[in-house]
Amino acid sequence: MVKIGTVRLFILVIQNIIVSTQYTCLDVSMLRNVALYQQLNGLIIQKIRTSSLMNCGKECLYQTNCLSLNFNIKTGWCDLNRNVSGVSFPLVSNADVLYTEKSEFQMILLDACKSHSCPNNYKCLLDSGTALCVIFDCGIPPSVVFGNDKRYEETVLGSTAKYSCSGPGVVREDVTLICEQNGHWIGGQCRKISSCLQIKQCEKNYTDGEFWLYPLQYNNTERVKIYCDGLNTTAPTEYVTLIHENRITSPSYKLTRECSYNKNTHESFGEAIFRKIRVNSNLEIDGNDVKFMELLLGNNQKYGTTFDCMGKDCPDIPHGTLNIDTRDTGLMVKPDTNWITYGYMPGTFYINRISNNVIDIKCGGNCGGCTPKSSLVLELDKTTILDISLATEVSC
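Here the sequence shown stands for residues -21 to -1, 1 to 375, where the numbers follow mature numbering (1 follows the signal peptide of the UniProt record, and there is no 0).
Any given hint could be a false lead.
Straight-line distance between alpha carbons at most 20 Å, and here's what the computed EDC-like set of lysine to aspartate or glutamate pairs gives [to be verified]:
no. : residue 1 : residue 2
1   : K183      : D153
2   : K179      : D208
3   : K81       : E38
4   : K255      : E152
5   : K313      : E263
6   : K255      : D268
7   : K255      : D153
8   : K270      : E250
9   : K183      : E159
10  : K26       : E132
11  : K255      : D292
12  : K361      : D292
13  : K313      : E201
14  : K204      : E189
15  : K270      : D208
16  : K204      : D304
17  : K352      : E273
18  : K233      : D208
19  : K204      : D307
20  : K291      : D208
21  : K270      : D187
22  : K352      : D307
23  : K233      : D292
24  : K313      : E358
25  : K361      : E152
26  : K179      : E189
27  : K291      : D339
Simulated restraints on C-beta separations [unchecked claim]:
no. : residue 1 : residue 2 : range
28  : L104      : N12       : 47 to 57 Å
29  : I87       : N198      : 49 to 59 Å
30  : C112      : E132      : 18 to 28 Å
31  : V113      : S368      : 53 to 63 Å
32  : L104      : T212      : 52 to 62 Å
33  : K361      : N317      : 41 to 51 Å
34  : K361      : L105      : 57 to 67 Å
35  : L104      : G146      : 34 to 44 Å
36  : R130      : N267      : 21 to 31 Å
37  : L275      : K183      : 29 to 39 Å
38  : Q196      : N267      : 50 to 60 Å
Since the hints were made in silico from the structure, they are not lab data.
Note that beta-carbon positions come from the ideal geometry of N, C-alpha and C, so glycine has one too.
Given only the sequences and the hints, what does the whole structure look like? Please build it.
Below, the structure written as structure tokens:
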């Protein structure tokens, strides 16, 4: 703080700001500590246009968080600061500004807000001469995970703070927080990459392969190994690569009489091995996607579903079988997943849930089978930790 004697200060004011007497409206010599031609930067609560230095001082005195002010003696702009100058917050030169502290005005102002005890982030207002405390400020904007280059001008209600998101696996974008009426900063958060489309939007020359994605349902905190297909297109898609065999068999035989069958085929028989399964952003499996299905016999099969036309009362003849195996993918079938029967005279021979990674099912009907009761969804298998080298961590 630059301290200037009363006489010298008065002379300096007359010499240098005579053109701005309309904004001072206060004998500056009444203030004990004033720093002429200097200001405090980076700690502004609010920037307002005032008619005088006195009114600027009032605004600071009425706000709990305000501890000092910058006053532009030419324009009347008033910066209300949340701290005072010091080693950590040095003053910088500005030929049009004077700096002083809140305490300088406490002996000058005499209304009911002079000695208010409003909480932090509140402001004192006069209502028919009575002091009222109203929320006014949100404080310094908080840190945002993966958010850099925080930018804001004010911290009062309605103010905004912007952040640039960056880092390994982070979507390159800006997010904004708003100082809401409740006195809290509310808004977006930096997102980690959760889709193959976002990888494409990184504008890097990534090609189809295994990547680490961060599904939204895990709040961008858990990574999942996903195969991205079609990164050279406008709509790339997500798949889970299956390490172990996932086979579906729907026999081609038809029941002709009691537990007897012939080789007459029905229109949907087939046998297939799925090498990859398509998933959406919620890890819900699209069982009808057959891009990475290896068809061994007959017709395309639906992942998670099997059937036959052999009758439920003939256990020793070929029936529909289904094997799900997600071991070593880092994912498992949701524990609450159940299968139901469908078709004519359906029946289930067994559902062996060895774990939530390995499920073997045998069922059939005449013709009938079994299918998931609801969507077939995967979730994180926290018992399996995959090596980070198994997939690419995207850097935008």
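Inset, instruction - May I ask you to test the hint 50 to 60 Å on the CB atoms belonging to Q196 and N267? - result: violated (22 Å)
Inset, instruction - Take a quick look at whether K179 and E189 sit within 20 Å of each other, Cα to Cα. - result: Roughly 13 Å between the alpha carbons, so the hint for K179 and E189 holds.
Inset, instruction - Go ahead and decide if the range 18 to 28 Å is satisfied by the Cβ distance of C112 to E132. - result: holds (25 Å)
Legend entry - Hint consistency between K233 and D292 [alpha-carbon to alpha-carbon, up to 20 Å]: Judged against 20 Å, a Cα distance of about 14 Å means the pair holds.
Legend entry - Proposed proximity, D153 with K255 (alpha carbon, max 20 Å): violated (34 Å)
Legend entry - Pair hint K179 and D208, alpha-carbon separation not exceeding 20 Å: At roughly 11 Å apart (the allowed maximum being 20 Å), D208 and K179 satisfy the hint.
Inset, instruction - Could you grab the alpha-carbon distance between K313 and E263 and see if it respects the 20 Å cut-off? - result: holds (10 Å)
Legend entry - Pair hint outcome, K255 versus D292 [Cα-Cα no greater than 20 Å]: Violated, at about 34 Å.
Inset, instruction - Could you say whether the range 53 to 63 Å given as a hint is met by the Cβ separation of V113 and S368? - result: Check passed, 56 Å falls within 53 to 63 Å.
Inset, instruction - Please work out if K183 and E159 have their alpha carbons no farther apart than 20 Å. - result: The hint is violated at about 37 Å.
Inset, instruction - Take a quick look at whether K204 and D307 sit within 20 Å of each other, Cα to Cα. - result: holds (10 Å)
Inset, instruction - Sort out whether E132 lies within 20 Å of K26, counting only the CA atoms. - result: Holds - the C-alpha atoms of E132 and K26 are around 8 Å apart, at most 20 Å.
In summary, the numbered hints that this structure violates are 4, 7, 9, 11, 12, 17, 18, 20, 22, 25, 28, 33, 36 and 38.
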